[in-house]
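Novice: The residues making up each chain are set out below.
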Amino acid sequence: MIEWLTSTNHKKIGILYLGTTFLFFIVAGILSLCIRLQLARPDQDLFSAHAYNQIFTLHGTAMIFLVIAPFGFGLGNYLVPLQIGAPDMAFPRLNAFGVWLFILSGLTVFAGIFAQGGAASAGWTAYAPLSTTDAGTGAGQDLWILGILMNSIATITVAINFVATIFLFRAPGMTMWRMPIFTWEILATALMILMAFPSLACVSCELLLERHYGAHFFDPNAGGDPILYQHLFWFFGHPEVYVMILPFFGVITEIVAVFSHKPVFGYVGLVLSAFAIAGLSMGVWAHHMFTTGAVANGFFSGMSFLIAVPTGVKFWNWIGTMWKGKIELSTPMLFSVGFLLNFLIGGITGVMVASPPIDYHTEDSYFIVAHFHYTLGGGSLFAIFAAVYFWFPKMFGTKLSELLGKINFWLMYVGFNLTFLPMFFLGIEGMARRVYTYQPIADYAWLNALSSVGAGIMAFSAIAFVLNVVLSLIAKVPVGDDPWGAFTLEWATSSPPPEFNFHALPPIRSERPAWDMRHPELAEQR
Amino acid sequence: MKTLVGLFLSSSAFGATICLVYWYSSHDRGGSLLLGFMSLGLAWAAGYAILAERNSKIAGDDPQLQHKERAGEDLGVVTKESAWPICLAFSVLVLLIGVVWSDFLLFAGLAGMLLCFWRLGAESARV
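In the order they appear, the protein sequences are chains A and B.
Going by the working numbering, the letters in the first sequence line up with residues 1 to 526, in that order.
Going by the working numbering, the letters in the second sequence line up with residues 1001 to 1127, in that order.
If you're looking for bench data, these hints aren't it; they were derived computationally from the structure.
Below, a list of computed lysine to aspartate or glutamate pairs in the EDC-like style, where the Cα atoms sit at most 16 Å apart:
(1) A:Lys-12 - B:Glu-1081
(2) B:Lys-1080 - A:Glu-3
(3) A:Lys-262 - A:Asp-516
(4) B:Lys-1080 - A:Glu-499
Start from the sequences, fold in the hints, and give me the full structure.
Specialist: Now the structure itself:
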């Protein structure tokens, strides 16, 4: 126990991140089931309006700040030093500080449940003036703000570590242009964090000052401006969407190549598109504010459309990687293909709502809920499962069961689409998001019932996953150092790796050093 | 190092470009300032890399370097364990709770942070 509390080893810190995000995922999943139970039928009164507000606020906060984004940091923590041939991260103690601050940030947010008036209830965006007054909640909202402030500091520390490690700790021969795509995506993510998260830290401090020290940043009666809050929040908030997706683009790239038994198609294009997405995402924040009428809609709409270009490049490269490959539909590949299909729907509907006339119609409706769940749930969450199935043997020396994995995938795929596809139609028919109940008008009743059934199926999928992890760890059948025949450097060491990662490094002469090590004659020819 | 500088410089130039376009299309001071700061920060990072790190030799930048040729390169000392990072994280929590609810906790958190920084510094000096 003490060993885990005081360790500065990147692999233990990575597992701490991943384990914590998994626990928060379970909690956030239970909260989402509460939401779907409440909305399963019209005029339902399982929860009061105030309780419902707390539930969706905590669900959104947990999924964004405590599950999806930090899973990428945990995976990066575990893999980046291994992929570039480094013994550890550049600043191990800063790394340990970051993970503990992250864990405390989550506990602080959830501590609000025990506060008088309950947990935060102003949504994950905590818009002023909802969050600057005590109308909804008191101490719960304060704890939420403190938690988010700590989370932003923790995230900045992890980004500093990634940048320094990737630039300075690469092994001899591991030039930047030989780095695995996952490491490139982590680098792009880290740079985005360094640009965007100070804005979140700043706006959290302003909320605290406004709530407790008489400041009036967002109070129009005293010369403040609530739109300022939205600018500062979304300057962080939209890049955050890409912080939650870029590492998983890397995951999918690695997995698609390994299970197509082909090198990555268009390596340079994948790297450049990651940075193009990162750069463009810094200039689209106010597409969340079209309907305020206070921003340059044309500029933000145009920039948002442009993001489709590098994202399309990525899809092109993934399809090119699979093209004429010997595709092996193991569980990680199934989840990757699921990611491609779901993310495509999320991406295309994203282009739709980047158009202000469509956004004016769908803003704050279930169409938006469906859109962002297709990108972050159908996208990132599927990639998270793909990553766990793929790198589990590296971390624990044993594979997860393929049978349970496939049950996990198909239940998740069917359940996910059943949950979120009806929401597009609900949104188009005008059902507002964040409402705790509704009347039986239009098609609301049966579409919501369908959505709730889908959520139940997803819960069974999660149970299959937990069962898979537990049974595999109990059985612990050894599978060797590289059960997949993978390409990148982490597969050239033992599974799990030794304390400082490598007893001996193979020569690094391409972006596939593990493959070169196994096929020296072919590597020589290249 | 060349790739690093190129990355920061091109990102900075891109930031400056969208900052200008945004200013001309909106005349919004807040957003333009945010983009301007972003661009300046990236330019500063590129400038630092060019000026302060121009003579640094990073093993990973040499495509032909053998592992044995790296022998003797100073990577610093990779710490295995330390109790101070978790103490520092708790001190930050106490300090922030103090900011909202209690002067005592605020000063206790601050004292805890100073102690942690001092011990972390001492650890670094030892290695």
